[in-house]
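So the chains spell out like this:
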Amino acid sequence: MRLSTVKIISLLFFVFSAFYLYTAYQIRVFSFDENSPFNARTLPIYLGYFGMFISGLKIALPETMNEEVDQKFLNYKNTLYLVVVMIVYGLTIRLVGFFLTTSLFLLSSYYLLGERRWTIMFMLSFPFVAIFMFLIHGLLDIYLTDPLLKALGVIG
Amino acid sequence: MIEGILLGLKTALSFTNIFMVMMGCFIGTIIGMLPGLGPMTAIALMIPITYGFDPSTGLILMAGVYYGAVFGGSTSSILINAPGIPGTVATTFDGYPMAQQGKAGKALAIAAYSSFAGGTIATIFLLIAAPMLSKVSLAFRSPDYFALMVLGLTAVSAFSAKGQFLKAIMMAVLGLMLATVGQDSLSDIPRFIFNSMSLADGISFILIAMAMFAMSEALMIIFRDKDPSKASKAISFSKLGSIRLDKEERNKMLKTIPRASVIGFLIGVLPGAGATIASFLAYGMERNFVNKEEKEKFGKGSVHGLAAPETANNAACSGAFVPLLTLGIPGSGTTAVMLGALLSFGIQPGPRLYMTNPEVFWSVIMSMYIGMVILLILNLPLIPYIARLLAVPRNFLVPLILFFSIAGIYLMSFNTFDIFLMIGLAVLACFLRLYNFPMPPLILAFVLGGMMEENLRRSLLISDGSFNFLWDRPLTAIILSGTILLVSWQMYKSFKK
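The listed protein sequences derive, respectively, from chains A and B. Per this note's numbering, the first sequence starts with residue 123, numbered consecutively. Per this note's numbering, the second sequence starts with residue 125, numbered consecutively.
Bear in mind the hints are in silico, worked out from the structure with no lab data behind them. The structure displayed is predicted, hence computed values, not measured ones. The beta-carbon is built from N, C-alpha and C at its ideal position, and this holds for glycine as well. Any given hint might turn out to be false.
Derived SDA-like pairs: lysine to any residue, alpha-carbon spacing no greater than 25 Å straight-line [to be verified]:
# : chain 1 : residue 1 : chain 2 : residue 2
1 : B       : Lys259    : B       : Ile129
2 : B       : Lys350    : A       : Thr127
3 : A       : Lys129    : B       : Ser618
4 : A       : Lys199    : B       : Val551
5 : B       : Lys617    : A       : Met174
6 : B       : Lys350    : A       : Met174
7 : A       : Lys194    : A       : Val206
8 : A       : Lys129    : B       : Arg348
9 : B       : Lys350    : A       : Leu257
Just a sample of chain B residues kept apart from chain A, beta carbon distances all over 12 Å, derived [unchecked claim]:
#  : residue
10 : Val213
11 : Val414
12 : Arg518
13 : Asp542
14 : Met546
15 : Leu599
Sequences are here, hints too, so could you generate the full structure?
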């Protein structure tokens, strides 16, 4: 028997609900609350059981329509690249600073998606981020940590 | 009520708020035109921007975005047969054939006037209904609220995707599970934080909204290799023709608008139903109202066929604010995002909003009307120019949406953990969307999760742990009966297949 992707997702949800339920039972409540009609673990326990019931139902019931997605139309490569670039952006934003990392994130994303018009790419990265930072930092008064700009003496 | 209207007008007509409505309508129109990017994405992107705003101003901006997105969705439906949002699918039935006959300008004008009229009539209904319902809803007790939230979640799940009820319920359960992360509101006991301080305060609503809508939508464009700018290029180059309507066309609209407004508003008030069902229902009903000769024209460029869904979808948008403003319970994904934004402003919508924050209550209602006027005056003549702005290639559009999402969440918490969590949730949402797992029930459940737990807690404590509270009060029993009927109907439909 071949499991459809929707059934696999439902199975994963079933496992997730079971794990959630197990964790819900581990929630420590105050001793005086232990036998109370409602405490911090009551709703999570209900949700865990209900999640298992619903996903179990989805797995057990026959499928009424074919929901398989044609994989050849999906662009895994570019999506994965973008996700990696976002993760790198997240890892470096505090270390290097908002200005440089954001500009490089934008520039590399444009490039990865196939853009090669360097002037527009540049304009929509470094100057664009500078304007954005001015609006955030200068007008809305939200302080942005930027070790690089601080070292260069651009911001205080 | 007059005092309230004046207070609302005073707030809504301030320079800042008018500017915000204009900006909201403009941004909403642009995003609504892009097939795939709907009002929820538009509003989600706006939340971090409104963070430092006064609550009325923030909500006014979001209301403008909401209406603008619906208007933008109609435009792409008419001109290129590509509905920007599900609520404008019915608009394509007669709007696109009209555009093909060289009457695109007329079709746009009919859509704009119908939307304006539908929105206006619905705003009047809202003006009357909301304060009345606010007073009635003061009689609601915890069991009633709990039952109402269960009904809302079931209804949104039932209507969010055709034949996907179980999937939608799974998403609602996932939303409720995510809402339980963090400290318990009463005892402060940490739950599901896995010793991470970043999760101690729970998951931010804005993070969920941005990840599930804006970011995953952007990733989906790349994943599915779509290019929304292609559609907008087609709009830019299409010939619009005259936007003047003759007497016969005006008369036809005058007959359609009142009945479609009533249907739209009533459907909008119902939890879960919203603009999509309202527009289809109004289209179907209008077909039965007109004479045989007019009936023949449906699907071939009928004025009635275009005016009905356009009136109804805008009326439904106003109607959707009734449960949000009076009960504090959103009836749709879009109003759920707005509720989340209100909560982040420190405002608890509900029956007391009318008394505790009258300026917010009334200014939102009045700004809706101002938004309609702005859409009519500014957007109709500006459509070809706005469409040109849209020809931004996806190579720039996607990174910019991703940037606004990441920067938006980072600027609120300065915590990189939130960025990684958001990326993870967006990737998860991408896969779930691919297999038609609907997102609106998840966001609604996430927003309602805390309130649901609070009301369930109160009900169970009062009834000493017994579930009798579900049928002790007639109101609770009636609401729950509605839920049971809805579930039974969905199950019957599934087994019939």
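Hints versus structure:
1. Lys259(B) / Ile129(B): Holds, because 17 Å separates the two Cα atoms, which is no more than 25 Å.
2. Lys350(B) / Thr127(A): Within the cut-off at roughly 22 Å; holds.
3. Lys129(A) / Ser618(B): Holds, at about 16 Å.
4. Lys199(A) / Val551(B): Since the Cα atoms of Lys199(A) and Val551(B) sit roughly 14 Å apart, the hinted pair holds (cutoff 25 Å).
5. Lys617(B) / Met174(A): holds (22 Å)
6. Lys350(B) / Met174(A): violated (35 Å)
7. Lys194(A) / Val206(A): holds (22 Å)
8. Lys129(A) / Arg348(B): holds (22 Å)
9. Lys350(B) / Leu257(A): Not satisfied, since the Cα-Cα distance of roughly 32 Å exceeds 25 Å.
10. Val213: holds (19 Å)
11. Val414: Per Cβ check, Val414(B) is outside 12 Å of chain A; nearest 34 Å; holds.
12. Arg518: Violated, because the least Cβ-Cβ distance between Arg518(B) and chain A comes to about 7 Å, which does not exceed 12 Å.
13. Asp542: Given a closest Cβ separation of 9 Å, the condition is violated.
14. Met546: violated (9 Å)
15. Leu599: With a cut-off of 12 Å, Leu599(B) remains clear of chain A, as the shortest Cβ separation is near 21 Å.
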